[in-house]
Amino acid sequence: MPRWTSESRALHAVAMKLWQPWKKSTGPKTPEGKRISSQNAVKHGMYTREWQNLRRALYTQRLYVRWVERNVAQISKTIRLKQRAHKIELYKRDCQNRQQKRTKPSALGHKSCYTDPLTRPD
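Numbering-wise, the working numbering puts 52 at position 53 of the sequence shown, and it's gapless, one number per residue.
The hints are simulated quantities; they were obtained by calculation from the structure and are not laboratory data. Please read all numbers here as calculations on a predicted model, not as lab measurements. Where hints are given, some of them may not hold.
[What the hints assert, rightly or not] Pairs of lysine-lysine, DSSO-like flavour, derived with a Cα cap of 27 Å:
1) 76 - 91
2) 42 - 28
3) 81 - 91
4) 33 - 22
5) 76 - 86
6) 86 - 100
7) 23 - 42
8) 23 - 33
9) 16 - 28
[As the list claims (entries may be wrong)] Estimated spans, in silico, between C-beta atoms of each pair:
10) 86 - 62: 31 to 39 Å
11) 6 - 32: 53 to 61 Å
12) 56 - 91: 31 to 39 Å
13) 45 - 15: 27 to 35 Å
14) 15 - 47: 30 to 38 Å
15) 11 - 59: 47 to 55 Å
16) 45 - 65: 21 to 29 Å
17) 85 - 65: 28 to 36 Å
18) 26 - 63: 39 to 47 Å
19) 71 - 31: 55 to 63 Å
For every residue, glycine included, the Cβ atom is placed at its ideal position computed from N, Cα and C.
Let the hints inform the model, and build the full structure from the sequences given.
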């Protein structure tokens, strides 16, 4: 890509002063033309009604997905806590049964009644 030299910059500056492209604006001059051109964004580009409807639908969908993700996380946490509580309850019942019957430990395990059933021995 060619770089601007000081000579080419000077030539370009002189040419721009001669051309004066800022005076050749093609924008609307009359109030009616300005009113009509103000609606260009509504008819074209990212501000069309269809595009805005799509953006609104995608935003709503993203909110729904986030809501589902939050609820799935909460539900899975609740299920894990419920399973843990169920295991603890089974171990408590097993300990009570063993103390009452004074027999061998049941199929639930041979752990002592006073250990946490969810901790793993290392």
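To see whether the hints hold, each was checked on the structure:
1. Using a Cα cut-off of 27 Å, the hinted pair residue 76 and residue 91 holds, with the two alpha carbons roughly 23 Å apart.
2. For the given pair, residue 42 sits about 20 Å from residue 28 by alpha-carbon distance, which is consistent with the 27 Å threshold.
3. With a CA separation close to 15 Å, the supplied pair residue 81 and residue 91 stays within the 27 Å bound.
4. Straight-line distance between C-alpha atoms of residue 33 and residue 22 comes to about 18 Å, which keeps the hinted pair within the 27 Å bound.
5. Note on residue 76 and residue 86: the hinted pairing holds, with a Cα-Cα distance of about 15 Å set against a maximum of 27 Å.
6. For the proposed pair residue 86 and residue 100, the alpha carbon gap of about 21 Å is at most 27 Å, so the pair holds.
7. As the CA atoms of residue 23 and residue 42 are separated by approximately 25 Å, the hinted pair is consistent with the 27 Å bound.
8. Between residue 23 and residue 33 the alpha-carbon distance is near 17 Å, which keeps this suggested pair within the 27 Å criterion.
9. Between the alpha carbons of residue 16 and residue 28 the distance comes to roughly 24 Å, so the proposed pair stays at or under 27 Å and holds.
10. Under the hint 31 to 39 Å, the C-beta atoms of residue 86 and residue 62, about 37 Å apart, fit the expected range.
11. For the pair residue 6 and residue 32, the beta carbons lie near 42 Å from each other, so the given range of 53 to 61 Å is not met.
12. Range check, residue 56 to residue 91: about 52 Å between beta-carbon atoms, so the 31 to 39 Å window is missed.
13. In this structure the supplied range 27 to 35 Å holds for residue 45 paired with residue 15, their Cβ-Cβ distance being about 32 Å.
14. The given range of 30 to 38 Å is respected by residue 15 and residue 47, whose C-beta atoms sit roughly 36 Å from each other.
15. Taking 47 to 55 Å as the suggested C-beta distance range, the pair residue 11 and residue 59 conforms, at roughly 51 Å.
16. Range check, residue 45 to residue 65: about 24 Å between beta-carbon atoms, so the 21 to 29 Å window is met.
17. For residue 85 and residue 65, the Cβ-Cβ distance of about 31 Å falls inside the hinted range of 28 to 36 Å, so the restraint holds.
18. Residue 26 and residue 63 have their C-beta atoms about 43 Å apart, which keeps the hinted 39 to 47 Å range intact.
19. Distance hint check for residue 71 and residue 31: the Cβ-Cβ separation is about 56 Å, which falls inside the suggested range of 55 to 63 Å.
Hint check: violations occur at hints 11 and 12; the rest are consistent with the structure.
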